[in-house]
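> Required output: the full structure, derived from the provided sequences and hints.
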Amino acid sequence: MALMRVSSPHAHGRYSTGMVMRQVLLATVPGVFVLTLFFGFGTLVNVLWACLVGLACESVALLLRGRSLAFYLKDCSALVTCVLLGIALPPYAPWWLIAVGVAASILMAKQLYGGLGYNPFNPAMVGYVVLLISFPVQMTAWTPPRGLGEVPGLWEALQACFLPARYDAVTMATPLDVLRQNQGLLLEDLWAQTPQFGRWAGIGWEWVNLAFLAGGLWLLYRRIFTWHAPVAMLASLALMAALFYDGGSSSSGGSPLFHLLSGATMFGAFFIITDPVSSAVSVRGRLVFGALIGVLVYLIRVWGNYPDAVAFAVLIANFAAPFIDHYTQPRVYGHGKSGGTG
Amino acid sequence: MRRVYGFHGGIHPAENKHQSLGSKIQQAGIPQQLILPLSQHIGAPARPVVAVGDRVLKGQMIAEPVGHVSVPLHAPSSGHISAIEERPIPHPSGFPAPCIVIDCDGEDAWAPLQGVANYRDCEATELLELIRSAGIAGMGGAGFPTAVKLAGKSGQSVKTLIINGTECEPYITADDILMRERADDIVAGIAILQHILQPQETLLGVEDNKPEAIAALQAAAAGSAIEVVTFPTKYPSGGEKQLIEILTGLQVPSGGLPGDLGIVCQNVGTAVAVRDAICHGRPLISRITTVTGNAVDHPQNFEVLLGTPMQYLLDLAGLHPERCERLVMGGPMMGFTVTTAEAPVVKTTNCILAPTPEELPPPPPAQPCIRCGLCAEACPASLLPQQLFWFAQGKEFEKLEQHNLFDCIECGACSWVCPSHIPLVQYYRASKADILQQRREHAKSEQARLRFEARQARLAQEEEEREAKRAARKAAAEKRAALAEQGGEEDPIQAAIERAKAKKAAQQAGDGTAATPVKASPEVALRQKLAKSEQRLAQSIAAGEDAKIVSALEATVQRLKDKLAEAEAAATESGTD
Numbered sequence: 001m002a003l004m005r006v007s008s009p010h011a012h013g014r015y016s017t018g019m020v021m022r023q024v025l026l027a028t029v030p031g032v033f034v035l036t037l038f039f040g041f042g043t044l045v046n047v048l049w050a051c052l053v054g055l056a057c058e059s060v061a062l063l064l065r066g067r068s069l070a071f072y073l074k075d076c077s078a079l080v081t082c083v084l085l086g087i088a089l090p091p092y093a094p095w096w097l098i099a100v101g102v103a104a105s106i107l108m109a110k111q112l113y114g115g116l117g118y119n120p121f122n123p124a125m126v127g128y129v130v131l132l133i134s135f136p137v138q139m140t141a142w143t144p145p146r147g148l149g150e151v152p153g154l155w156e157a158l159q160a161c162f163l164p165a166r167y168d169a170v171t172m173a174t175p176l177d178v179l180r181q182n183q184g185l186l187l188e189d190l191w192a193q194t195p196q197f198g199r200w201a202g203i204g205w206e207w208v209n210l211a212f213l214a215g216g217l218w219l220l221y222r223r224i225f226t227w228h229a230p231v232a233m234l235a236s237l238a239l240m241a242a243l244f245y246d247g248g249s250s251s252s253g254g255s256p257l258f259h260l261l262s263g264a265t266m267f268g269a270f271f272i273i274t275d276p277v278s279s280a281v282s283v284r285g286r287l288v289f290g291a292l293i294g295v296l297v298y299l300i301r302v303w304g305n306y307p308d309a310v311a312f313a314v315l316i317a318n319f320a321a322p323f324i325d326h327y328t329q330p331r332v333y334g335h336g337k338s339g340g341t342g
Numbered sequence: 343m344r345r346v347y348g349f350h351g352g353i354h355p356a357e358n359k360h361q362s363l364g365s366k367i368q369q370a371g372i373p374q375q376l377i378l379p380l381s382q383h384i385g386a387p388a389r390p391v392v393a394v395g396d397r398v399l400k401g402q403m404i405a406e407p408v409g410h411v412s413v414p415l416h417a418p419s420s421g422h423i424s425a426i427e428e429r430p431i432p433h434p435s436g437f438p439a440p441c442i443v444i445d446c447d448g449e450d451a452w453a454p455l456q457g458v459a460n461y462r463d464c465e466a467t468e469l470l471e472l473i474r475s476a477g478i479a480g481m482g483g484a485g486f487p488t489a490v491k492l493a494g495k496s497g498q499s500v501k502t503l504i505i506n507g508t509e510c511e512p513y514i515t516a517d518d519i520l521m522r523e524r525a526d527d528i529v530a531g532i533a534i535l536q537h538i539l540q541p542q543e544t545l546l547g548v549e550d551n552k553p554e555a556i557a558a559l560q561a562a563a564a565g566s567a568i569e570v571v572t573f574p575t576k577y578p579s580g581g582e583k584q585l586i587e588i589l590t591g592l593q594v595p596s597g598g599l600p601g602d603l604g605i606v607c608q609n610v611g612t613a614v615a616v617r618d619a620i621c622h623g624r625p626l627i628s629r630i631t632t633v634t635g636n637a638v639d640h641p642q643n644f645e646v647l648l649g650t651p652m653q654y655l656l657d658l659a660g661l662h663p664e665r666c667e668r669l670v671m672g673g674p675m676m677g678f679t680v681t682t683a684e685a686p687v688v689k690t691t692n693c694i695l696a697p698t699p700e701e702l703p704p705p706p707p708a709q710p711c712i713r714c715g716l717c718a719e720a721c722p723a724s725l726l727p728q729q730l731f732w733f734a735q736g737k738e739f740e741k742l743e744q745h746n747l748f749d750c751i752e753c754g755a756c757s758w759v760c761p762s763h764i765p766l767v768q769y770y771r772a773s774k775a776d777i778l779q780q781r782r783e784h785a786k787s788e789q790a791r792l793r794f795e796a797r798q799a800r801l802a803q804e805e806e807e808r809e810a811k812r813a814a815r816k817a818a819a820e821k822r823a824a825l826a827e828q829g830g831e832e833d834p835i836q837a838a839i840e841r842a843k844a845k846k847a848a849q850q851a852g853d854g855t856a857a858t859p860v861k862a863s864p865e866v867a868l869r870q871k872l873a874k875s876e877q878r879l880a881q882s883i884a885a886g887e888d889a890k891i892v893s894a895l896e897a898t899v900q901r902l903k904d905k906l907a908e909a910e911a912a913a914t915e916s917g918t919d
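Each protein sequence line maps, in turn, to chains W and S.
Counting along the first sequence from 1, when you hit position 207 you're at 207 in our numbering, and nothing is skipped either side.
For our numbering, count along the second sequence from 1 and bump the result up by 342.
Hints are supplied without guarantee of correctness; some may be wrong.
Counterexamples of contact, computed for chain S against chain W with all Cβ distances above 12 Å [unchecked claim]:
#1 I372
#2 A484
#3 H622
Examples of chain W residues lying across from chain S (beta carbon under 10 Å, computed) [claimed, not checked]:
#4 G13
#5 Y72
#6 S77
#7 G115
#8 T226
#9 S279
These are computed hints drawn from the structure, not numbers from a lab.
Just so you know, even glycine gets a beta-carbon here, dropped at the ideal spot from N, CA and C.
Printed below as a string of structure tokens:
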């Protein structure tokens, strides 16, 4: 009887990194579905093409670094990055735009820093920001949602992606753009005059956000992450919006509900800022991290110059994460409490 | 109902306790050979008091305690000492250690035992001595000498006595079955502990997954001052610090002991051992051990003699060696692997776990940490395990201590939840060992530094003293010179010449009697010579020597006297010493 020498514990729970990543992928399904419903097959093509390029980039990087392909690919982290980036990009983006973004995410933001677990910045958001700065025209070209214009079919989506020269997509300002460019109209009038606005936020966008919220709640239920960062972000964003709502005047930044259901709010709150690697670690740290992002999102949306703010806000908060960690260490058992009640 | 408190973190691993609870406690019987490690407790190993070949009786002391934190060892059965040598023992290090080996004769003949008729008539110190001499060390797993723990620090009074019947580790049922079958003994043991400690309250903590044990204890404790407290099952609620927080809401200060809060914790098995020792005089020679895991056919609890080889017990339980790849002493969370089944059962062996590879699969290769934070959620000490792991990898000892590595109780909850299968606890153990080693080295170099600095200071002081003397002499000389000048009686050059002359004369005078160089001033040398000559003269007169020699000696003495007078006159005039 040859007996092993193994260090305790000998039992292990049911979690695995690959499982966590696969659940995140699964949770994006409602959001992608609603995006496809309102904006056509563009997002789906984005996601699939991003995954192909992403797996190729990851494999090349792993081979160059002499790592086992099978072992590292099965953690599915590259797929998560690519899916998130594919969702964040405007639909009907040309193939090269997606490829450049994915390469920046996987090669630069992830593998150059040492691969999974060692990247200080959210890889998908690094890819997004690289594209936004380099190709602002392509990155701000959102098509009109179903109901405001014709939604392209699958064939057109493929054409837009792989033969961009032959396809000219119709674009339209997003509700966030419309609000930022508002010149002297009361919110009520702006709402009435602009077709993009829906019941609570923008047509299509409100449902997209609700779908990502549903996916995020499911992940919370599955205990993939804790509620602290998303709730802190949504709360601080809503609070900022309430503070600067200004009664719906012409200089109003928009209502809290508008901000919660616009752009990438829910997608960011549940799929981007919950990336554990680049966020703060302790409970209090995640509250601070989320709240910081909420404030930054509002500042950049209302007074900044970019269509949406989640990517920049997340990267700035990533910078701050180690600092936040340093100041938010939890009180350890037996330290600084004597005789109190638990 | 008493209010119970929660504690941070914790996990709910599969309990796997039912397998070994199907039957009552079985007597394991007497194996051919008993192997008794001299160190089965925390503290100094016991010292053998028997020799190879000696016949020993059951219950006879075979090794005595060394120092305060130590306990003796007793023969679990009668037989002959066949060896005192190094044998494999159950220890995380895997190293063999000195053991006393008894070849049992099967007679199981007892040494005479004497219990205490009524412990209530005894002083606490008397009872503590009995507990110590019965060889009792904590039966829950740590093996700290019970008498030392009960004695506590002087001046600390005990407010709460906590009896630990939690047994939160999966698989282990030794305490559970003891509480079910011997609740009366436990209560009797607790009564003795109460008599020793005089606590204000006594709480017996049991997790709510042991309803039979709770019922038995409540029945046994009815009418006594013992309160049976149940609380929700969660690992590691049986850890001493966690149990204290659950029952009292208090946290043991970091680096402190429960005694600082007026709390003493004892395991239910220890209570029974105390009862046996006090009421029957029976030393600790057996214990209840769970043998379980899918690699045995009949998982159950045995009452087993200490020193029984694990193989013997595993065979009794029907082990399939081909199914067993690892053997764990203790539970799956905090137990350690033993590499040979020849290792014996010791005072702390609450469980022998023989799992199949399917049951407890070998650890998969670790993936990178994604800082998911599940470990921080699970940590009962509220640590940040992912940060500790990061610092442990980088050997950043200062950061590790700053993040309170030493508050880690190594419960394994973080490793259990880790989705990347990182053996976190192993990193922490290694880092703790490294830091302790570093501290020892630091203490050593600190001592060397202090020694060096003390020497430097001494040398500097000596030098200073010399310098001060030199300066004093110089000042005196200058003062004298100034005085001489003021007096103006003699020319300093003339005085120097006089001194040189006197010196020369003295040298000439010394030529005949001694070749020793004149180091001191001329008068002193002259005086010595004079004394010698006078002595010589006295001797020759006494011996009745030739008159010629006597007169020659007389002349020498006279001459020296003259010279001395001359030199002294010169010295006083010139003013030199």
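> If a hint holds in the structure, say so; if it does not, say that too.
Here is what the structure says about each hint:
1. No Cβ of chain W comes within 12 Å of the Cβ of I372 (chain S); the nearest lies about 24 Å off, and the non-interface call holds.
2. Once the 12 Å rule is applied to beta carbons, A484 (chain S) is consistent with being away from chain W; the minimum gap is 15 Å.
3. For H622 (chain S), the shortest C-beta to C-beta distance to chain W comes to about 36 Å, beyond the 12 Å cut-off, and the non-interface label holds.
4. A hinted interface residue such as G13 (chain W) counts as satisfied when its beta carbon comes closer than 10 Å to some beta carbon of chain S; here the least separation is about 5 Å, so the hint holds.
5. Checking Y72 (chain W) against chain S by beta carbon gives a least distance of about 8 Å; that is within 10 Å, so the hint holds.
6. Restraint check, S77 (chain W) versus chain S: the minimum CB separation of about 8 Å is within 10 Å; hint holds.
7. Against a cut-off of 10 Å between C-beta atoms, the interface hint on G115 (chain W) holds, since the closest Cβ of chain S lies about 7 Å away.
8. Interface hint at T226 (chain W): satisfied, since its Cβ lies 7 Å from the closest Cβ of chain S, which is below the 10 Å cut-off.
9. Look at S279 (chain W): its Cβ gets to within about 8 Å of chain S, closer than 10 Å, so that hint holds up.
Violated hints for the displayed structure: none, as all numbered hints are satisfied.
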